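J.: In case you want the letters, here they are:
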Amino acid sequence: MSLRRTLATARRVLAQLRHDPRTLALLLVVPCALLILLKYVFDGEPLVFDQIGAPLLGIFPMIVMFLVTSVATLRERTTGTLERLLTMPLAKADLLLGYALAFGLVALVQAAAAFGLTIGLLGLHIAGPSWLLFVVALADGLLGTALGLFLSAFAATEFQAVQFLPAFLLPQLLLCGLFAPRASMGAVLHGVSDVLPMSYAVDAMARLTSHSGVPGATLLDLSVVVGCVLLALGLGAATLRRRTA
Amino acid sequence: MLHDLDVDVPRGSVTGLLGPSGCGKTTLLRSVVGVQKIAAGTVTVLGEPAGSSPLRARVGYVTQAPSVYTDLSVAENLRYFADILGAPRTDPARVTELVGLTGQAEATVSRLSGGQRARVSLAAALLGAPELLVLDEPTVGLDPVLRQDLWRLFHQLADAGTTLLVSSHVMDEAIRCTRLLLMREGRLLANDTPTALLAATGTTDIEAAFLNLVTDAAAADPSAADPSATDAAASDTARTEAAR
Numbered sequence: 001m002s003l004r005r006t007l008a009t010a011r012r013v014l015a016q017l018r019h020d021p022r023t024l025a026l027l028l029v030v031p032c033a034l035l036i037l038l039k040y041v042f043d044g045e046p047l048v049f050d051q052i053g054a055p056l057l058g059i060f061p062m063i064v065m066f067l068v069t070s071v072a073t074l075r076e077r078t079t080g081t082l083e084r085l086l087t088m089p090l091a092k093a094d095l096l097l098g099y100a101l102a103f104g105l106v107a108l109v110q111a112a113a114a115f116g117l118t119i120g121l122l123g124l125h126i127a128g129p130s131w132l133l134f135v136v137a138l139a140d141g142l143l144g145t146a147l148g149l150f151l152s153a154f155a156a157t158e159f160q161a162v163q164f165l166p167a168f169l170l171p172q173l174l175l176c177g178l179f180a181p182r183a184s185m186g187a188v189l190h191g192v193s194d195v196l197p198m199s200y201a202v203d204a205m206a207r208l209t210s211h212s213g214v215p216g217a218t219l220l221d222l223s224v225v226v227g228c229v230l231l232a233l234g235l236g237a238a239t240l241r242r243r244t245a
Numbered sequence: 001m002l003h004d005l006d007v008d009v010p011r012g013s014v015t016g017l018l019g020p021s022g023c024g025k026t027t028l029l030r031s032v033v034g035v036q037k038i039a040a041g042t043v044t045v046l047g048e049p050a051g052s053s054p055l056r057a058r059v060g061y062v063t064q065a066p067s068v069y070t071d072l073s074v075a076e077n078l079r080y081f082a083d084i085l086g087a088p089r090t091d092p093a094r095v096t097e098l099v100g101l102t103g104q105a106e107a108t109v110s111r112l113s114g115g116q117r118a119r120v121s122l123a124a125a126l127l128g129a130p131e132l133l134v135l136d137e138p139t140v141g142l143d144p145v146l147r148q149d150l151w152r153l154f155h156q157l158a159d160a161g162t163t164l165l166v167s168s169h170v171m172d173e174a175i176r177c178t179r180l181l182l183m184r185e186g187r188l189l190a191n192d193t194p195t196a197l198l199a200a201t202g203t204t205d206i207e208a209a210f211l212n213l214v215t216d217a218a219a220a221d222p223s224a225a226d227p228s229a230t231d232a233a234a235s236d237t238a239r240t241e242a243a244r
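Going down the list, the sequences are from chains A and B. Anchor point for the first sequence: position 96 equals 96 in my numbering, and the numbering is continuous, going up by one each time. Anchor point for the second sequence: position 86 equals 86 in my numbering, and the numbering is continuous, going up by one each time.
Bear in mind the hints are in silico, worked out from the structure with no lab data behind them. Among the hints, erroneous ones may be present.
Far from chain A, some chain B residues (derived; all Cβ distances over 10 Å) [said to hold, decoys possible]:
# : residue
1 : S21
2 : A105
3 : G115
4 : G141
5 : W151
6 : A160
7 : P194
8 : T204
Far from chain B, some chain A residues (derived; all Cβ distances over 10 Å) [unchecked claim]:
#  : residue
9  : I52
10 : V109
11 : H125
12 : F164
13 : L174
14 : S184
15 : T209
16 : L220
17 : V224
Per the computed footprint, the stretches of chain A lying under chain B, defined by three or more beta-carbons under 8 Å from a beta-carbon of chain B, are [as the list claims (entries may be wrong)]:
#  : region
18 : 6–19
19 : 80–87
20 : 238–244
This structure is a prediction, so every number in the text was calculated from the model and none was measured. Glycine included, every Cβ here is placed at the ideal spot set by N, Cα and C.
Sequences are here, hints too, so could you generate the full structure?
T.: Here it is, written out as structure tokens:
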């Protein structure tokens with residue numbers, strides 16, 4: 001592993017994004033636009049917005065980052081640049097961390113924009129500290145990036161990569177406790193939801209919504225999300241093969 | 001799948017790997033750069049096992065389809081690959097000039113022609129002055145003038161001590177190589193200099209020599225020319241040494 005190669009990779013990924021201003025604009029605008037939409041969908045029921053605003057502040061960026069990262073990595077595979085890189089002195093971790101760093105930076109800007117908008121203009125009320133809301137939103141964006149990096153290894157085409165969104169993220173959305181409390185689910189589904197990372201992202205946000213102060217449980221949820229980010233990156237590096245058939 | 005392949009590629013030579021589409025040229029080249037899964041056999045490059053980490057800065061590889069970032073400029077592509085290789089900061093400009101793309105350095109690759117893209121891909125492989133260059137059909141689809149320029153470049157590099165292993169399915173390129181490997185259906189038909197090959201087969205061009213060798217191989221071993229027998233072969237033994 002080398003810092004120079006990791007940073008060079010991150011710089012290259014950011015340069016690619018810079019050449020594609022429309023994608024960059026979509027990355028930053030879409031989560032904000034969805035949150036504004038959410039606010040006015042619940043115009044007559046501001047309490048509902050306060051309740052689900054925070055969880056969705058985490059989920060929207062996660063979904064957007066997942067999609068962009070998985071397609072970007074897949075493109076690297078299909079255009080032969082990955083094969084070229086793997087014949088070069090580049091550690092697999094350099095490549096994944098370079099991607100994570102570049103998209104992590106995008107996630108940071110995205111989380112800052114969505115957070116500022118939700119707390120400021122849309123007037124979301126939460127009981128917990130708002131800085132922690134920002135940290136969890138950022139962790140959720142990073143989780144989307146890391147999952148996208150890992151799962152793109154199992155897609156051979158862009159069509160498949162895009163299908164991973166309904167296949168992997170939508171079930172998590174149903175089971176994460178946003179639609180029905182996780183405790184009210186059947187034992188099997190509850191068990192499944194216990195091992196899905198989005199559940200912890202939403203739990204953390206829900207706790208921030210209703211509890212003041214910094215509850216230890218929120219920090220625990222946050223560390224599970226961060227742990228999943230690291231796990232997905234590790235698995236991504238492990239599934240990357242220099243030799244292929 | 002490759003069978004009974006035993007090849008040495010001498011240092012400082014331009015070795016041509018020729019044969020029809022699908023005969024295993026790319027598989028052999030990918031084995032040399034160490035990205036091909038190998039069932040059996042050994043591949044040694046510059047005295048090290050193919051694909052081992054000390055080799056990764058000493059071997060340059062150009063895939064058949066140009067493998068560069070089409071959404072970046074020529075200079076941005078080369079700067080990135082130079083950073084990965086730890087090549088000097090001046091190297092991108094040097095290789096851009098070698099492939100004749102200095103005027104297009106700031107152009108985005110997606111705006112370049114097919115031939116120009118192929119040369120960007122080649123330029124990336126020249127970064128860091130690798131000792132072995134593995135080029136998979138580098139001249140395919142290029143116009144005759146450009147092809148001549150590239151072959152001149154290949155010989156310049158070889159004269160400076162670089163070993164080149166170049167595949168092609170165009171037989172008229174064979175005469176430009178110092179050594180030739182002729183392949184068919186995963187087997188090696190010949191490994192010689194172009195002149196020796198013509199003398200041995202009593203022919204005047206490489207295409208005729210190749211056809212001659214195919215007929216001979218079929219006569220000597222009927223199973224070798226029978227595709228079904230080749231497919232059924234379960235194991236293969238290959239020993240390849242590049243730039244010993």
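J.: Can you give the numbers of the hints that this structure goes against, from lowest to highest?
T.: No hint contradicted; all consistent.
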